[in-house]
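If you read the protein sequences in the order shown, they are chains A and B.
Each residue of the first sequence is one higher than the one before, starting from 341 at the first, in the working numbering.
Each residue of the second sequence is one higher than the one before, starting from 341 at the first, in the working numbering.
Watch out, some of these pointers could steer you wrong.
Copies of the same chain are indistinguishable here, so a pair counts whether it falls within one copy or spans any two.
To be verified - Subject to a maximum C-alpha distance of 27 angstroms in a straight line, what follows is the list of computed BS3-like cross-link-like pairs (lysine-lysine): (1) 445 to 708; (2) 449 to 541; (3) 523 to 541; (4) 445 to 542; (5) 542 to 523; (6) 708 to 542; (7) 577 to 523.
By construction, these hints were calculated from the structure, which means they are not laboratory data.
There are 2 protein chains.
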Amino acid sequence: MQVFLVAVGSEMLTPFRLDTNSLVITERLNAIGGDVRMKTVVGDDVEELVRTLTASFAWADLVVITGGLGPTEDDITRDAVSRVLDAPLEIDEGIVEGLRERFAKRGIKMASNNMRQAMVPRGAVVLDNPNGSAPGLWMERGSTSIVLLPGPPREMTPMLDAVIRDRLRPLAEDAGLFRRVLKITGRPESEVDAIAEPVYKKWISQPVPISTTILAVLGQIELHLTASAGSREAADKALESAVAELQAVLGPSVYSVDGRPLEAVVGDMLRQSHLTIAIAESCTGGLLTSRLTDVPGSSDYVERGFVCYSNRSKTELVGVDPSLIEQHGAVSEPVASAMAEGAASRTGSEIGIGITGIAGPGGGTEAKPVGTVVVAVKVHEGLTVRTFRLFGSREMVKFQAAQAAMNMLRLELIRRESGATRRAAG
Amino acid sequence: MQVFLVAVGSEMLTPFRLDTNSLVITERLNAIGGDVRMKTVVGDDVEELVRTLTASFAWADLVVITGGLGPTEDDITRDAVSRVLDAPLEIDEGIVEGLRERFAKRGIKMASNNMRQAMVPRGAVVLDNPNGSAPGLWMERGSTSIVLLPGPPREMTPMLDAVIRDRLRPLAEDAGLFRRVLKITGRPESEVDAIAEPVYKKWISQPVPISTTILAVLGQIELHLTASAGSREAADKALESAVAELQAVLGPSVYSVDGRPLEAVVGDMLRQSHLTIAIAESCTGGLLTSRLTDVPGSSDYVERGFVCYSNRSKTELVGVDPSLIEQHGAVSEPVASAMAEGAASRTGSEIGIGITGIAGPGGGTEAKPVGTVVVAVKVHEGLTVRTFRLFGSREMVKFQAAQAAMNMLRLELIRRESGATRRAAG
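So that you can see chain A by itself, here it is in the shape it has in the complex (with noise of 0.2 angstroms):
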């Protein structure tokens, strides 16, 4: 299946606005077999939708149309696709009551320009919009399908959905392109990649072929892996091989494999382990405990978060002693470990954080540059201490250092878990 994605919209061709909503669909439609072969961004313009949608006839099985379907003059889907399937519009009843009833539910009169959602070129099927009141349109032509869906993702996504489950699935050859994603952390890409090239590598030549792409993001490298199979169960079969020996020899620097982020994973670690954790943070200024609290849930474990920007704060609230900071300076190895046993001590926790370093763009020396970063981590008694000189902007810095210290934390939790197990076995 062929498929070829317009989004209508002058405000995506300004410097402002990308078309985001092609990203959800291209990953729904692979599912199903579908292969997105172009995808075209158009203005408020009916002359160029019409010319658009013409040409792509000759060679699409299903067009996509996103926007242009709300009530104003701007509105031009419904005109542009009325006028290449020469097909006139007219008042669909069941949308203007459907209208009516949504107007009065909200006891606000409707406008008249909202009549021109009713407006339906001939032969067109609705699709119901539950989150909206702009409905969508199916519409067919010789051998291509034609889908307008709104604009706004919380419209666009269900109905998309219904309209894969409806018509397009039981439509669909008996394949498609289905995903994983594996999220590694703390290894440069470099060697993620030299490691891991020989095991997919094999996996392009097997019956069911996985191709793989690698993705490096601030702080985590993506392993993107595609299979392509005549069934969803075939794929998944092959993909869960595959992981699992990308798992194997990537070990446990891979943090995900089911695409949850790594505050998540690190979450669900502290609430099994029922442990609770405090956390000391100067150059992140607060960013590693509210990633931590963007968790549902988190207030299981995460007890209290200490932003001691200032010298005097890290002495006030976390008991570092001043010498410590005269002596070695507040980015160093000391601080960063008195940082992570004043939070775990003054809060009775298991757990101690402690974060300090130079984010930038000033602040650097010679000898402790921006990026420089001194993270330590405490575990009952133990304390894990490292130095990272990381690169890029203020907020690039300050995001990485969180990561990092999840990651530290994961490792020490992943370590302790598997010497209790030995200790069990043993």
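Mind docking chain B on chain A? Use the hints.
What follows is chain B alone, placed relative to chain A:
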């Protein structure tokens, strides 16, 4: 000048990658009168690129193609352009020499596939690439100019700027699009639009016409003003007047007209007033302190932050009386006020902020549903406290709560400043 942007690369037809080069290209071309009418992503497929380019010559004055200029078989842009223009590919000795030098300098043997990058359609002008091995190309066909640029942004952008300087600006009509962005917070979109519309409507029909787009982003509204003018000077003059009129009707809810984020605006106010701030956060989990410390030099005014996630920590860290929590609940105006007061008094800061709320997805009640957030701001002896009902996911609630707190502080500082001015004048 009607512009068509084409991005070449199959990775941009996966669910993982967008064409972000087009934003930079649009901004640069708008400034010299370029009107981006359409943009398209095509995969590494020669036939599709040929079809797409052929169709665009009928209407586009300028076609900018990014990507597909590398040395591998996948890099098909040169081939497609050669076919469309009927201009055979020929070896360019200048490029060959440049490539040899480049590889020699690094002491690497040049792989033979690099010679692909020296193939140039007859009649094309070669554009230097100081940041990579793939040169760009400039061609003309009838009234359409065609520019080929490499895909990596750090290679693309300098080459684009050189093309604009050397080739496009001299040809450009003496006109362009110029922009300003007003950022507004603390008011709903419909209200901002109702107040601003009479002003910005007027500017559509001025000698230097200005069109306005209203964009609701999480926690703020943006007004994008685009002036179409014969010169930057004329545009600047008109835009400054329009911005001033909008500021006059919208008042202090406009927090930025120069692109600065709210944390930078508030930070500058704090630095100028020589005040320091201490923050006690519950539901935002450190996000407010982290955002305030995203601003370089924020250590001048951020003394410290407390993330008081548990009830016990609210008492221990900032002295909230446990009976207040018992009587009113942790999410209440008395508790938020006590947090702000405790944060200020325990640190000797002039400003204290307290935030407590229910970020969700769990924890809501009928009286205090998910999204209920209470913010207290204390500046010297003055205390302001407000309860908000915010919407969306956990992360969205956290962001909006931090935004609301910074805005309350900003408005309070403005109020005190204007009071001081009035007293000084009186």
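Now the hints, each set against the structure:
{"no.": "1", "hint": "445 to 708", "in the structure": "between (63 angstroms within a copy, 24 angstroms between copies)"}
{"no.": "2", "hint": "449 to 541", "in the structure": "between (62 angstroms within a copy, 25 angstroms between copies)"}
{"no.": "3", "hint": "523 to 541", "in the structure": "within (18 angstroms within a copy, 49 angstroms between copies)"}
{"no.": "4", "hint": "445 to 542", "in the structure": "neither (59 angstroms within a copy, 35 angstroms between copies)"}
{"no.": "5", "hint": "542 to 523", "in the structure": "within (20 angstroms within a copy, 52 angstroms between copies)"}
{"no.": "6", "hint": "708 to 542", "in the structure": "neither (44 angstroms within a copy, 56 angstroms between copies)"}
{"no.": "7", "hint": "577 to 523", "in the structure": "within (20 angstroms within a copy, 50 angstroms between copies)"}
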